[in-house]
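Engineer: Just so you know, the protein sequences line up as chains R and X, in that order. Per our numbering: the first sequence = residues 336 to 499. Per our numbering: the second sequence = residues 1240 to 1743.
Note that these hints are calculated values from the structure, not bench results. Any given hint might turn out to be false.
Stated by the list, open to error - Taking lysine to any residue pairs in the SDA-like style, the calculated list, with each CA pair at most 25 Å apart, reads: (1) X:K1513 <-> R:Q395; (2) X:K1738 <-> R:F459; (3) X:K1513 <-> R:L379; (4) X:K1513 <-> R:G403; (5) R:K467 <-> X:K1513; (6) R:K346 <-> R:L379.
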Amino acid sequence: MTANVNVSEDKYVLGSLLILLIMLGTMIVGGTTGEIVFSFATVLFFALYILIGTQSSAQQHSPKPFVGLAAGLVAILGAGFALLWYFHLQNPSYTDPTYWLGFPRATAVVIYLIWMPPALYLMFSYPYLFEKYIWNEEKAEQFREMNTRPAKAVADGGDSEGDE
Amino acid sequence: MFDIPLQTDPQESMNLIIVSIVVLYLLGIAVIGVWAARQTESTEDFLVTGKRFGIWAVAFAAFASIMSGFGFIGGPGLFYDGGYGFIWIAIAAPLAFPISWFVLGKKMRLMAEVRDILTIPDAAYARYESETVRLLVAVSVLLGVISYLGVQFLAIAFILETVLGVSEIVALLIGLSVIGIYTVGGGMIAGVYTDLIQGGIMVAGSIAVFFIALNAADGFTQMSQDVAQASPEYAGAFGAFPILLGLSWFFLFVVGNSGQPHMAHKLYMIRDTKLLKWGAPIAALSYFAASLMMLALGIGMRAFVETGRFDALENPDLAAPIFLVEFTPAVLAGIVLAAAVGAVMSTSDAFINIGAANLARDIPESLGYEYDSDTTELRAHRLANVLIIVGSVLLVYYLEILVGLLGVVGWGLFAAALVPLLGVGLNWSGATKEGAIAAAAVALIGNLGLAIAVTFYDYSLSTGAAVEALTLIVATIVLIVVSLLTNGNARDEIADDIKSVIDA
């Protein structure tokens, strides 16, 4: 059996595999350290999932905007979780907490930093990158020229027999 | 500051204005269904609207179907029940939509460009050229659809029973009649048009209710302090839930969004790929507005109960209806309750169509059956819609245990099956047929096994993490590891047109 690995093409997938194994371990082991590791591993997985999803665009143009995009997401969410854990562990029972903008500090970090800033960053990055890196007229023309085929058609034009 | 009454029976407070708005809304939806039935001439029209819609319709339809009755009724109930801990699900969608757009937006639309792809199992088949993959995905989707529909039907009965003051069975029949008219007749054309209207109402209503709730509870600080009276942890970042439950929910609901067929399926329907550009902000900001309402309304109701200004609720799901009838003007309460009905209906119509497509197209085709004409297939889809509605109702009332069982893993069943196969597989040419079969089998067996363990043996992970997140992680690991060790239909073996989508 030949291994199906191409390190340069598969780097983000391999990175995701490593992160998912760490997440699996921390879900089973638990504990405060496990919870902290799980939260940061989740952030890294989000970034890697986006990099997997944009790898084809990165190969055609440049990986820089997408690596930058992922790094920005990691920075925002990473800072959010760092602050969340800092304030949460200072007062895990939330007895007489210090309030920030209407919430105990750790809750305020979730509401004001983890909720919308990373979402706003990503949702407006998409249209910002769209025409230059994600979809343009040249690609559209290429797909318009392809004749739509039935769902079962294969490359050589024959009908698939399924698995065998 | 509002005068707060000490009664908690919403039916007593439903006035004619509220009831009239909800009834008018139901009639309006039924009229759209009749009109859309005349527009539906082919199976493609029925299943993917003939790829005719712009981004507002598609993004609102994606938002509305993800929102569902869970968002409008269950969400405030969970905030009421567990304090701020539920925030980890509520905050997921605004981040999840742009991630789904980056990972799947272009790929799903292009799959529908290069092949006659109308369903999610169609896309899985085209990518892996495997009837086994198609069958496993179809069965996973069908089981997920049954669980979701069961819950949605109960939700619609709950809302209409509360608003109209009729019995549960009459409420269910009214709701199903309207859903039946527009899904059986108008298919996804009716579904998307109604979603567009429903989505707009949901967003506007949510923003208004958020500010009313904030005002009624004297602002966030007072609300948080009131909630903390019962237990300080209610106001904490993880509420009354285990920490790993909140964190694993966040992971599951962000990443799992791209594996929800009722979301991913909408991406087929857009008129032109370039229209995808603004879809992520529209869907994400719409959900943000709705989740603000969930938070303020659920926590607000909990604050009223903790301070003795309201009796404890018999059922947390009553948090939203009670707040609306007690604190909002009747017209707004009627509009928002109509939006809640709309949220349930938009999710229901998406699942009815997806489930019917499984019955009429995916499962027969994976077993080798093909229709002799499009007209016959369209007729079969309409019949399958009726069967799905009737079958789901019978399951709700006669096989409640099955609905409860599948309801445990509804979102997770979709996520574990589709995130690895499509989210990863449509972007990574190294994903193999063998990897896809193994991952789909793990997702299906793992989720059903865990559902049985949770339901019958009271199983839970000792760390408190969500079992659905566990199956999503394991299924993705399995796809990657098995793919690295096998070669079927990967890299150069992928059909040219599908490879062009992966490389696009």
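Engineer: Evaluate each hint against the coordinates.
Structural biologist: Outcome of the hint check:
| no. | hint | result |
| --- | --- | --- |
| 1 | X:K1513 <-> R:Q395 | 18 Å, holds |
| 2 | X:K1738 <-> R:F459 | 28 Å, violated |
| 3 | X:K1513 <-> R:L379 | 29 Å, violated |
| 4 | X:K1513 <-> R:G403 | 23 Å, holds |
| 5 | R:K467 <-> X:K1513 | 12 Å, holds |
| 6 | R:K346 <-> R:L379 | 14 Å, holds |
Violation of the numbered hints given earlier is confined to hints 2, 3; the remaining hints are satisfied by the structure.
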